[in-house]
Amino acid sequence: MLLFARTGGAQEVPASIAYPGSFWISAGEVVPAERGNVLGQASFEQGITVWERGSWFLVPHVNLSAMADSYGYAWNNRHPARAAVKIVRRLPGGMVQAGAGMMFEPNADSEEQWHPTAAVDYWTGWAAEGAAQHGAKFGGYPGYAWASSGLIAGRDPQNWITTAAAQQGLVVFRSQIFSVVPYAGAAASFDTKRRTWENRVSYDAGVKLVRPMVGGVVETGIAARRQHEVLTGQVHFAPVAYVNLWIGWNPRSLFNR
Amino acid sequence: MYLNTYGGSALLHLLIGYPRLILVFGLAGTVAMTTAPHGPGRYLGTGSYMAQLDAAYKPRLADAAAEQQARQRAVDMLERSDGNEISEAVAHTLRQCGPGCTDLATPIVIEDPELLRHVLVLYQLDRAGSGVRSAAAGLDAATTAQQ
Numbered sequence: 001m002l003l004f005a006r007t008g009g010a011q012e013v014p015a016s017i018a019y020p021g022s023f024w025i026s027a028g029e030v031v032p033a034e035r036g037n038v039l040g041q042a043s044f045e046q047g048i049t050v051w052e053r054g055s056w057f058l059v060p061h062v063n064l065s066a067m068a069d070s071y072g073y074a075w076n077n078r079h080p081a082r083a084a085v086k087i088v089r090r091l092p093g094g095m096v097q098a099g100a101g102m103m104f105e106p107n108a109d110s111e112e113q114w115h116p117t118a119a120v121d122y123w124t125g126w127a128a129e130g131a132a133q134h135g136a137k138f139g140g141y142p143g144y145a146w147a148s149s150g151l152i153a154g155r156d157p158q159n160w161i162t163t164a165a166a167q168q169g170l171v172v173f174r175s176q177i178f179s180v181v182p183y184a185g186a187a188a189s190f191d192t193k194r195r196t197w198e199n200r201v202s203y204d205a206g207v208k209l210v211r212p213m214v215g216g217v218v219e220t221g222i223a224a225r226r227q228h229e230v231l232t233g234q235v236h237f238a239p240v241a242y243v244n245l246w247i248g249w250n251p252r253s254l255f256n257r
Numbered sequence: 258m259y260l261n262t263y264g265g266s267a268l269l270h271l272l273i274g275y276p277r278l279i280l281v282f283g284l285a286g287t288v289a290m291t292t293a294p295h296g297p298g299r300y301l302g303t304g305s306y307m308a309q310l311d312a313a314y315k316p317r318l319a320d321a322a323a324e325q326q327a328r329q330r331a332v333d334m335l336e337r338s339d340g341n342e343i344s345e346a347v348a349h350t351l352r353q354c355g356p357g358c359t360d361l362a363t364p365i366v367i368e369d370p371e372l373l374r375h376v377l378v379l380y381q382l383d384r385a386g387s388g389v390r391s392a393a394a395g396l397d398a399a400t401t402a403q404q
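Residue numbers (the working numbering), protein chains in the order written: chain X, 1 to 257; chain E, 258 to 404.
Same shape as in the complex, but just chain X:
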């Protein structure tokens, strides 16, 4: 909640309250170890900023997720829900957050449905269009890096899972409607319970079409993905195709003065 704030003059910022939220969808054939399996995921989050100071935000929130696949694997067909509180620190070009709460997800092994959840996340992204303008050969060098670590799986509630990914692209064509971005990327995940499917490293070389919009972005792409299963030593290689949509919002309502 932003209370009245002096701005160095006679005017004050009216008190307001913010409701940050986001929605994303990701769909595609993206797991080389499961050739032919189309995986879809969606996640909706809505919070309320109960405190903020500068770049710091305290946000209680609820999160509803759903994932399903065409093969019907149990680990890909889940509907977890989460109620948690997170503290967010915005950084130049990104953010870091830490949160904890409760997750609702049926767990066949223990028959418990509520599990504690906690995670630390870091994300940074860049477009790097300014540097590109000097040579004007490419329209930018967009990329991102993120990492997440925590108790995030209700089906495996004591398993601490850490994932990280980075991607660097190159805008070779840009129009008013979309950009064409060849890219290279890598992702890795590890866990404390040593599950085969949570200990993987993958590398991508691909190309995607990106369409930015106010508050979000939609992209579709194809890539050659090489996936190394760390515990078994198996290596899978396959083309992948995907569609991602992310959109965020942060409406505020003013209090009457």
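No false leads were mixed into what you were given.
What follows is a list of derived Cβ distance ranges for each label pair:
(1) H270(E) x F44(X): 19 to 29 Å
(2) A348(E) x V50(X): 34 to 44 Å
(3) G274(E) x G72(X): 48 to 58 Å
(4) A289(E) x A164(X): 26 to 36 Å
(5) A319(E) x A100(X): 47 to 57 Å
(6) A186(X) x A321(E): 51 to 61 Å
(7) F237(X) x H270(E): 40 to 50 Å
(8) R384(E) x G54(X): 15 to 25 Å
(9) S338(E) x F237(X): 56 to 66 Å
(10) W51(X) x R352(E): 22 to 32 Å
(11) H270(E) x S175(X): 17 to 27 Å
(12) H236(X) x P370(E): 45 to 55 Å
(13) V332(E) x P92(X): 27 to 37 Å
Okay, the calculated bits of chain X under chain E, using three or more residues with CB under 8 Å as the criterion:
(14) 16-26
(15) 54-65
(16) 91-97
(17) 242-252
For the record, the hints were derived by calculation from the structure and aren't laboratory data. Heads up, the beta-carbon is just placed ideally off N, CA and C, and yes, glycines get one too.
Following the hints, put chain E in place on chain X, whose structure we already have.
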């Protein structure tokens, strides 16, 4: 987690539409008020919040005069065509806009005549803002004393 790394100029274009807020709060102050926990940039709801803020303040003669003067000063800068002056003004404006404008650079703005004109107006509004804020504070104090 998936956040946008494209289209970061949307915030700048939003700021252009609210000259009075820039006068009242300055560029950095206005950007700070739109801060969201997601990351830098413009999100759904940012525009409506700025519209609410703009509507929450009564028009002041001092603001209207300062806004007109800022627009004239931007025109004067364009007519002078002093490369260094314009570059510094654009760089200052982008710095004040901060992480929400990271995909814009001074050369991009300078090569787009329409965007350059808007950015120079923002720059002049930001400069004028501190003066207006001081003057308004003095005027308010005087009015309060008279009452």
